Amino acid sequence: SQQGEEDPQALSIQEGENATMNCSYKTSINNLQWYRQNSGRGLVHLILIRSNEREKHSGRLRVTLDTSKKSSSLLITASRAADTASYFCAINSNSGYALNFGKGTSLLVTP
Amino acid sequence: DSGVTQTPKHLITATGQRVTLRCSPRSGDLSVYWYQQSLDQGLQFLIQYYNGEERAKGNILERFSAQQFPDLHSELNLSSLELGDSALYFCASSDDRVVGTQYFGPGTRLLVL
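One line per chain: the protein sequences are A and B, in this order.
Reading the first sequence from the start, the letters are residues -6 to 104 in my numbering.
Reading the second sequence from the start, the letters are residues 113 to 225 in my numbering.
Since the hints were made in silico from the structure, they are not lab data.
Just to be clear, a hint being listed does not mean it is correct.
Claimed, not checked - Cβ-to-Cβ under 10 Å is the rule here; a few derived chain A residues that face chain B:
| no. | residue |
| --- | --- |
| 1 | K19 |
| 2 | G33 |
| 3 | R34 |
| 4 | Y90 |
| 5 | F94 |
| 6 | S99 |
| 7 | L101 |
| 8 | T103 |
| 9 | P104 |
Claimed, not checked - Partial list, derived from the structure: chain A residues whose beta carbon lies under 8 Å from chain B:
| no. | residue |
| --- | --- |
| 10 | S32 |
| 11 | I42 |
| 12 | N45 |
| 13 | A74 |
| 14 | T77 |
| 15 | A78 |
| 16 | F81 |
| 17 | L92 |
| 18 | K96 |
| 19 | V102 |
Just so we're clear, the structure is a prediction, and the values are computed from it rather than from any experiment.
Even for Gly, the Cβ is constructed at its ideal location relative to N, Cα and C.
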């Protein structure tokens, strides 16, 4: 499957703590993207990392990519209650433009 | 706000019926993608159009079809609806000059009774 697989499926932390989500995939990729979805709403693009990049930062977000292990991680530092959402990794493989999504990690941040 | 609009927001219909979902991409984006999100299947790519032409097909049923018009808006037609077609349908757009970010609309929630 070209889909990414996120781990863990669910994560519960307290405000101020860091949250780490992992994504594994099986195919060669052009890029890997992370999206956030608040309950039943649209997907919001967070960050894109290309296959020749190893790490990217955006505000409180840090994404790493290890193409040898076919894995990526998303770190949210100093989490807030507003970060409560589902987070998806999406694979853009070398075979096209479409995104292949994993099942997502459900993050709950409690005050 | 991603700049991608979808109508309607909600649709309730009966089995066997046909519905049309509409999407307007971000200004300047030539590509439109359709995705389906359901509890059991997750987020699945259905179909992509680029500047009016079909570019890629994913897990789209034969009962479903799409098109992209000269003004670049797109419609997804779902026919002979079944209970299992109940899902969130998302449209996304990108400029695709470089393979990259897709911008998602708010989705259409379809309920088939």
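Results of checking the hints against the structure:
Hint status for A/K19: violated, given a least beta-carbon distance of 16 Å to chain B, over 10 Å. Because the beta carbon of A/G33 sits about 7 Å from the nearest beta carbon in chain B, less than 10 Å, this interface hint is met. Against a cut-off of 10 Å between C-beta atoms, the interface hint on A/R34 holds, since the closest Cβ of chain B lies about 7 Å away. At about 6 Å, the closest approach between the beta carbon of A/Y90 and any beta carbon in chain B falls short of 10 Å, and the interface hint on this residue holds.
Residue-level restraint check for A/F94 holds (minimum Cβ-Cβ distance to chain B is 4 Å; threshold 10 Å). Look at A/S99: its Cβ only gets to about 13 Å from chain B, farther than 10 Å, so that hint breaks. Nearest Cβ of chain B to the Cβ of A/L101: about 19 Å, over the 10 Å cut. The hint is violated. Taking 10 Å as the C-beta cut-off, the interface hint given for A/T103 is violated, the closest approach to chain B being about 25 Å.
At about 27 Å, the closest approach between the beta carbon of A/P104 and any beta carbon in chain B exceeds 10 Å, and the interface hint on this residue is violated. For A/S32, the suggested interface contact is broken, since its CB lies about 11 Å from the closest CB of chain B, more than 8 Å. Against a cut-off of 8 Å between C-beta atoms, the interface hint on A/I42 is violated, since the closest Cβ of chain B lies about 11 Å away. A least Cβ separation of about 13 Å between A/N45 and chain B goes past the 8 Å threshold, and the interface hint is therefore violated.
At its closest, the beta carbon of A/A74 sits 22 Å from a beta carbon of chain B; the interface hint therefore is violated under the 8 Å criterion. Hint status for A/T77 relative to chain B: violated, with the closest Cβ pair at about 19 Å, above 8 Å. Among the interface hints, the one on A/A78 is violated; its C-beta lies about 14 Å from the nearest C-beta in chain B, farther than the 8 Å criterion. Contact between A/F81 and chain B, as hinted, is supported at the beta carbon level, the nearest pair being about 7 Å apart and thus within 8 Å.
Evaluation of the A/L92 hint against chain B yields a held restraint, the C-beta minimum of about 6 Å falling below 8 Å. The beta carbon of A/K96 is positioned within 8 Å of a beta carbon in chain B (closest approach about 5 Å), and the interface hint is therefore held. Look at A/V102: its Cβ only gets to about 22 Å from chain B, farther than 8 Å, so that hint breaks.
Going down the numbered hints, you'll see the structure goes against 1, 6, 7, 8, 9, 10, 11, 12, 13, 14, 15 and 19, while the others check out.
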